Amino acid sequence: MGFRKVLVAVSAAAIATLAVADDDPRHVRHELMEDVGDAARVLGGMLKGERPYDAEAAMASLKTWEDVSMRFGDLFPEGSESGEGTEAAPAIWEDRGGFNAALGDWQDAIAAAVAADAATLDEAKPLLGAAFQTCKGCHDTYRIADE
Amino acid sequence: MRRTLVALAVLLAPTVPAAPARAPLPDHVPDPAAGELAFWLGGCASCHATPVDGKRARGEDKLLLGGGMDLPSPYGTFVVPNISPHEDGIGGWSMPEFVDAMQRGVAPDGRHYYPSFPYASYVKADVKDIMDLKAYLDTLPAVPGRSADHSLRFPWSVRRGIGMWKRRNLDASPVIEFDGQDPLLERGRALVEGLGHCGECHTPRRRFGGLETDRWLAWAPNPEGEGRIPNITPAGKNVRDWSAADIAYYLGSGFTPDFDTVGGSMVAVQENLARLPADDLQAIAAYLKAVPAVE
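So the sequence lines, in the order shown, correspond to chains A and B. Residues in the first sequence are numbered consecutively from 9, following the working numbering. Residues in the second sequence are numbered consecutively from 349, following the working numbering.
Honestly, the hints are just simulated from the structure, not real lab data. Predicted model, so just to flag it, every value in this text is computed and none were measured. Any given hint could be a false lead.
What the hints assert, rightly or not - Here are the simulated distance ranges between beta carbons: (1) A382(B) to A109(A): 35 to 45 Å; (2) G106(A) to R494(B): 49 to 59 Å; (3) A641(B) to E95(A): 23 to 33 Å; (4) D116(A) to E435(B): 22 to 32 Å.
We put the beta carbon where it would ideally sit given N, CA and C, even for glycine.
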């Protein structure tokens, strides 16, 4: 086997490993929550008064949330309950109906905020506030606390 | 015989309810609206609200204070009593009886309460806040039913030792002394050291359960399981890295400066604190920024 072939084989193996890792629902949902966190910093900063309200940036962040919220429910298959540092709580598998309802609350709150397309902070505040409350509502029960 | 009597007297001495006779209550008209804030600050419902289907009460159920929750501890299991205004709870108690319970850990019949009821913190609160609290509790629904007895291991099952414990641990003076008189810090101190009883979880305990005040708020093992209750002195990463405004915002909203959500046993505490006015949350934040940093 020539050097080039080895290189190709090694690269292929590396890519395959990466692909497997990237498909792992524990990784995917972690990455998606990081995106959600980035969007939350934008929206939360406006809500808290740390940055001026910007309707365009708010909408972009809401769209990130919307996209993740639609994919999120499929990322908790049997067998992904633990490992890889997951913070998913056993309650997700023990009470899937409750988890789906909590996820639905988030989707509903996002849909309301997207539909309103608020032009001012005063208009956006109650809608974003409600959406942020759904974060808390779900994390309280379905995420393990890292104390 | 005489020797026996002396021995008996020595043995029984600590059972006589805590040291000095109480001061007369101040001339204060109890205000139930102010008492409601004291109620949330004290987190009374977190322990005393009757669990629903084995889970912590939520929403309006937090106002049904029939007790019954188990509190596991290294000493055995404490069972939280009824503090609703029913005769099975605190119905019919006089104001001095209520204040004695809250600040001296003594029941109307003279028995000592175990310090799982955090009167060693409440003794540092303003007695007027305690009086307001009773006025508020008296407005809540009367819930019948007495809780089961605590099931503690010997020798903790003997209440006599509690008198001794109080001599060392029941102290109305502040834990942290500040130079000068800053009203914001003093308010924060009253909230954190007194009714808020933050030290009960965030400060480690000595043998026999007294708080190690040299390590005030500097983290402690989680009494409910694994992990630890975080350091909330300026040596802890959150109080160090967050501004006072961030801390106040977190306590009011449940969101960290990164807009992650509050977790674990702090969820219930934060939801209670969210009921306080913004300036009280700022006072708590200012106090936490000002206490000695302990690694």
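Each hint, compared with the structure:
1. A382(B) to A109(A): 35 to 45 Å: holds, 38 Å
2. G106(A) to R494(B): 49 to 59 Å: Between G106(A) and R494(B), where Cβ atoms are some 33 Å apart, the hint is violated.
3. A641(B) to E95(A): 23 to 33 Å: holds, 29 Å
4. D116(A) to E435(B): 22 to 32 Å: violated, 46 Å
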